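Build the full structure now, drawing on both the sequences and the hints.
There are 2 protein chains.
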Amino acid sequence: MKIDACFSPALYPVYEDAESIVVIIDVLRATSAICVAFHNGAERMIPVAKVEEALEYKKQGFLAGAERDAIKIEGFDFGNSPYDYMGDHVKGQTIALTTTNGTQAIEAARNAYKVVIGSFLNIDVLCDWLVKQNRPVLLLCSGWKNKFNLEDSLYAGAVTQEICKRTKEVALGDGCLALQYLYEMAKNDPMKFLNHASHKERLVKLNLKKDIRYCLSPNTAPVIPVLEGKYLVNLKIS
Amino acid sequence: MKIDACFSPALYPVYEDAESIVVIIDVLRATSAICVAFHNGAERMIPVAKVEEALEYKKQGFLAGAERDAIKIEGFDFGNSPYDYMGDHVKGQTIALTTTNGTQAIEAARNAYKVVIGSFLNIDVLCDWLVKQNRPVLLLCSGWKNKFNLEDSLYAGAVTQEICKRTKEVALGDGCLALQYLYEMAKNDPMKFLNHASHKERLVKLNLKKDIRYCLSPNTAPVIPVLEGKYLVNLKIS
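In the order they appear, the protein sequences are chains V and S.
Anchor point for the first sequence: position 75 equals 284 in our numbering, and the numbering is continuous, going up by one each time.
Anchor point for the second sequence: position 152 equals 361 in our numbering, and the numbering is continuous, going up by one each time.
Hints were generated in silico from the structure; no laboratory data involved.
It is possible that some hints are incorrect.
Because identical chains share one entry, a pair is satisfied inside a single copy or across any pair of copies.
Claimed, not checked - Heads up, simulated SDA-like pairs for lysine to any residue below, C-alpha to C-alpha not over 25 angstroms straight-line:
id: 1; residue 1: K445; residue 2: T376
id: 2; residue 1: K211; residue 2: W338
id: 3; residue 1: K396; residue 2: Q370
id: 4; residue 1: K414; residue 2: V379
id: 5; residue 1: K259; residue 2: G284
id: 6; residue 1: K401; residue 2: E378
id: 7; residue 1: K377; residue 2: M394
These numbers were taken from a predicted model, which means no experiment stands behind them.
Here you go:
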């Protein structure tokens, strides 16, 4: 089982192949919010790259979330805080979503063999499932505006380590080799580790400490959102 | 003094700015070989992206090196082994060079404020000089065919650490933050650390252990090759 990590949606074409399951990673906060939405009973989500597309869905009567530069866009139902997606108001709903980084990564990988959503909130159920598939895995970090970021790579390191715990039949690409060490350094206190991350500073300025803490909580939303056509749906795990 | 790392020439446009000194990194082996050539008295080098361009220079009577997939191309004077560039035969010469990754990175960054060549062989003199410039620095890892690789990122981590030793006035981008930890894990035995790196395996198959060991030796070619127009020249350090 091959695993590699790609640090930017802009690099995805270099890593793309016809075989790999692609795990989309934007832990602060899009992929965490998506997991929370499905854990709270959302029926479908429609990830879109542009604000205009999300607005179009909203006009058609769908719920819609939109975030740019860590701030919720006015006129939408939600931003990308996981707290926005907790509660009965998402149950059974179809929700369009556009974010600065995460939905761009989904867009980049749209034609992959399979696209699933990863966050600390679903890490165990996701890794169990990935190992069962016995296929190559590409961990696609959304980064920040196509640059490497610390939080997504930290999570990719965590997934690498969790998969290595579950099977010895693993061949790690250089990205995963590096991230394993990174996660090893950080795992006892990831919140502290992220203290100096560029995006973390941005989020702290916006008073999002509570969000960050939640997004680093393992296994609080044990679902696997998977892309089917234009929709994310809740994967039925057998 | 801002420092960031870019893990692929293909990502350079995302990191590009008008201010930064760009350090080109391809430690196994192009940027090590370039340092050795200048340390042995080469007058100029002409880095080119394509084999045909290098061949054209050879036809014009220049010495020329060419490597693809870690192997010297037949008909050229040199490959990208640092050992090819040791000795009096390079003294005073102008040498054209094309390699799988390193010269592609130079090509990508050609219009930067300044482009210099980094390797373990010139790490101290390079870091002393970088700190004196008091400008933003971008560490451009050549990687392997536009993918992240372990050896170039390890070196970028080493440069980050060396600069942080020399000045406290440093703002690290997320890439450098991550690599610092990576280098910290590896520094006592980088040869062992690279044992599992994808490119390292490739080089070991080609019986290049001696090359790798040499390319990891700090400060054995204390020169700073700098790009001036189409030429790399030996920077006169005042």
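Consistency of the hints with the structure:
1. K445 to T376: Result: close within a single copy only, 23 angstroms intra versus 54 angstroms inter.
2. K211 to W338: Cα proximity of K211 and W338: one copy only (15 angstroms, versus 41 angstroms across).
3. K396 to Q370: Intra 11 angstroms, inter 22 angstroms, cutoff 25 angstroms: intra and inter.
4. K414 to V379: between (40 angstroms within a copy, 21 angstroms between copies)
5. K259 to G284: For K259 and G284, only the intra-copy Cα distance (15 angstroms) is at most 25 angstroms; the inter-copy one is 52 angstroms.
6. K401 to E378: between (33 angstroms within a copy, 21 angstroms between copies)
7. K377 to M394: Both: 22 angstroms inside a chain and 23 angstroms across chains, each within 25 angstroms.
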